[in-house]
Amino acid sequence: MNTTSTLAAAERASASAPAVAAAAAATGMLTFRLGAEHYAIDILQVQEIRGCEAVTRIANAPRSIKGVINLRGSIVPIIDMRIRLGLPEASYDAFTVVIIVNVGARVVGMVVDAVSDVVSLGPGQIQPGPAMAAIDQGCITGLGTLDDRMLIVLDVQALLADLDAP
Amino acid sequence: MHGDDNDSDDRHDDVDFDMSEFLGLFVEEAREHLQEMEALLLALRVETVTPDELNRIFRAAHSIKGGSATFGLHGVTELAHVLESLLDLLRERRLVLTTDMVDALLRGSDMIGAQIGAHEGGPAVDPAEVARLCACIRGLADGGAAPVPAPAPAPAPTTVRAAPAARPIGVEGVAFGFFDDDDDDEEARDASGVEAEAGAMLRTAAATAAEVDPTSTSTASTRDSGSAGSAGSTATPAIPAAIDASKPAGVATSAAEAVPAAAVAAIAVAASPPASTTPASTAPPAAPVVASAPAAESSSIRVGVEKVDQIINLVGELVITQAMLAQGVQSVQGMESVEGGHARRLEMLRAGLEQLERNTRALQEAAMAMRMMPVSTVFHRFPRVVRDVAARLGKEVELKLVGEATELDKGLVERIVDPLTHLVRNSLDHGLEAPAERIARGKPLKGTLTLSASHQGGNVVIEVSDDGRGLDRERILAKARERGIVLGEHPSDAEVWGLIFEAGFSTAERLTEVSGRGVGMDVVRSNIVGLGGRVEIHSEAGVGTRMTVRLPLTLAILDGMSVACGGETFIVPLALIVESLRPARDAIRTLAGQGRVLQLRGRYLPLLSLRELLGLDAPAAAGEDPAAHGDGGDEEGIVIVIDSEETRLALRVDALLGQHQVVIKSLETHYRKVPGISGATIMGDGRVALILDAAGLGRLASRQRRERATAVPSAASAAPAAPVVAAAATPCGDSNRSMSCAIPAMADHAASGARPSHHPLPSAARPAP
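So the sequence lines, in the order shown, correspond to chains Y and F.
Position in the first sequence (first residue = 1) + 9 = the numbering used here.
Position in the second sequence (first residue = 1) + 2 = the numbering used here.
Everything labelled a hint here was simulated from the structure, so no lab data went into it.
Warning: the hint list may mix true and false statements.
What the hints assert, rightly or not - Where chain Y lies over chain F, by a calculated footprint (3+ residues, C-beta under 8 angstroms): (1) 40-54; (2) 583-590; (3) 609-617; (4) 689-695.
We put the beta carbon where it would ideally sit given N, CA and C, even for glycine.
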């Protein structure tokens, strides 16, 4: 299972990345890919990265909740980010990974197409996102640009809000 | 902190306010000691009593005495001291144990319990009664002292007298620092002539006593290290005193007084030399004293709950790992390619795993037992509650506590207090009549409220019963009508009584301070249900009411049946399962718009399909099943009859897998509550299985029915219903129509007309962890 090794690789990748101007206030971001889009979340909220494994489905759950897994004795829900963000569903392949995030006391897994990089983004590099119909505004902190890529910066806390919905 | 009230034998209720925190600790410890003492006494055989048994009882009494002296509970100290003196004589074999003594000792421990209870708000203890018991025990000690087998009978009675004489000292002194009595030291030094060998023996014995005392009385030393320290330091002057004491027999009596009672070890040795003429023979009595003292601190240990929980969690993981290994070995064993030497090695591996399973299970039980607490920790508060509430209501109530030693999980103990308190208050307020009314009804003036606890199967059952007026059926029904609650034409008693658990339901004629606002009974029930338990009411007008609370033994582990459904594994709590069966086709009927029912021995049970309820896929292996998406999909599988809260229901699943003991994990920690699911567990293969919640499934079903009814007019369910109803015309309902399925494999063949199962039962069908 490619758990933390992926993260380590990603970190190595970031070390070789060009230094960012506003390094002082920069935040480490883990970027991942969903389809052709690149997303970023705060690296501090990432606990580990795991391979995709069989989940136990949960009855009457929102469609984005794939189910739960056993994470070293804890029962952890798994969210499919494509469904959560309203993207077309994709079949899982060798690159499909689960990012385990830790927000507050809660641990949740997010299924993404692939993890790409760890980058540093200063506040100046993130601008408020335009209103987009496809994605609920609440989840998007802003848009960042790195090299030629557009990074959609997500608010993990807001993403997990529908775990609490009745 | 207590040396200043040495003249206050009569103020035994008086405890400094700031001590209350530590007093609680003492009370807890003292109760443990009392419990141990009682258990040991009850197990004693007068004829075959061993010094070890007596030593253990002695130590319990000794510890209580120490603690109580520290807290100025003089009544307890006095009684404990008298008990201790008698026990000392017994373990020194100066007295022969009799049944009378055991009785007296038991009464003594009861009395101490009552005295401690009085400090906790229980009924006060009559000092005269205590004095009578003390006198009685002293009498036993004195009277029994005569047949001491010692060659010189004189010193023995002296020692006995010395012990009670030391009592006031014990009261005024610190826990065990009885060495520091200067006058007595002087007296001891007045004695003349030294027998060298005996002196040497005594020196070691006294030194050991001095060393041992502060540690063995940890209650004293932790709470008041100052006084314990002084006990240790003042032990040094006691050594010369003890040496002096070993002077010729004539003066030894004063020596026995000089190192008085509480320095038990010293007294034992000091009193011994005169009893025998050679120093060699003093060794035997000294030996057990020295040997026994250090053991005193090992009887119990106080550990933080989180440490215990950590162990329990780890053991839970161990159980899972063990199951995983077992499954691995099983799958290898099933392979055909295993041959010769490998097969033998595999067999060894399997045997080792079996051993591991036994050990793991034992370890798990032991770890779980650490969390178990006697229900008395809950019951203790009720004498006070009852007294206060009864006084406020002007009622006379006698509280009976039964089965206080019943053990249950600590988590349950803490969370059952509020619901129980509510039930007790409710009984006091609504159940029991006022004295005048009781007399008018020819009942005894004093009402009786009984709190009892017991183990029944895998449950702890706690009952609150009173001999009051019982519930008023008519008034409850009237209230229900008033509130618009609809019941059947002839509701059963259980249904009617169940109404009082509805939110906002109160039939009290007037609001009282105690209860009657209609807030509470619904909370009581939801609390109890939240603990995995349930509450039932039995009531008879004019005779009384009994509320029965059933709780699981523990919150952490569950005996469950694993079932397969829609490609997933679920756990059904074994306690809920009444039976499982493969129903004959015509035992299943439909009700228009109401789903299906199963006819079982003349009764109709609502039949729910787990697959439909939870929106699961049709089983993956059943690709050829033509009716997998319709009602026909339910023709497969097995029905489990579940007993939930008030009603029974039948649940259709694909297959039974086996019986497991599972570790309950919360879904809510990282997710949320899921309707119909009470939790999750991790199976042997590391996958997650959800634990079904029967009551929740029932609610889920009725919710889905309502939703369907509003969304789609009944057409959908009516069509397939017709043939089934037609089939129902044939008489049926006998139990022979539905195969009992205790051995699922057999039922597979037995079910007539059923297609071959798509779910051959895996080997897991045998009980697994």
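Hints, verified against the model:
1. 40-54: Not satisfied, violated; 0 residues make the cut.
2. 583-590: violated (count 0)
3. 609-617: holds (count 3)
4. 689-695: holds (count 4)
When each numbered hint is compared with the structure, violations occur for hints 1 and 2.
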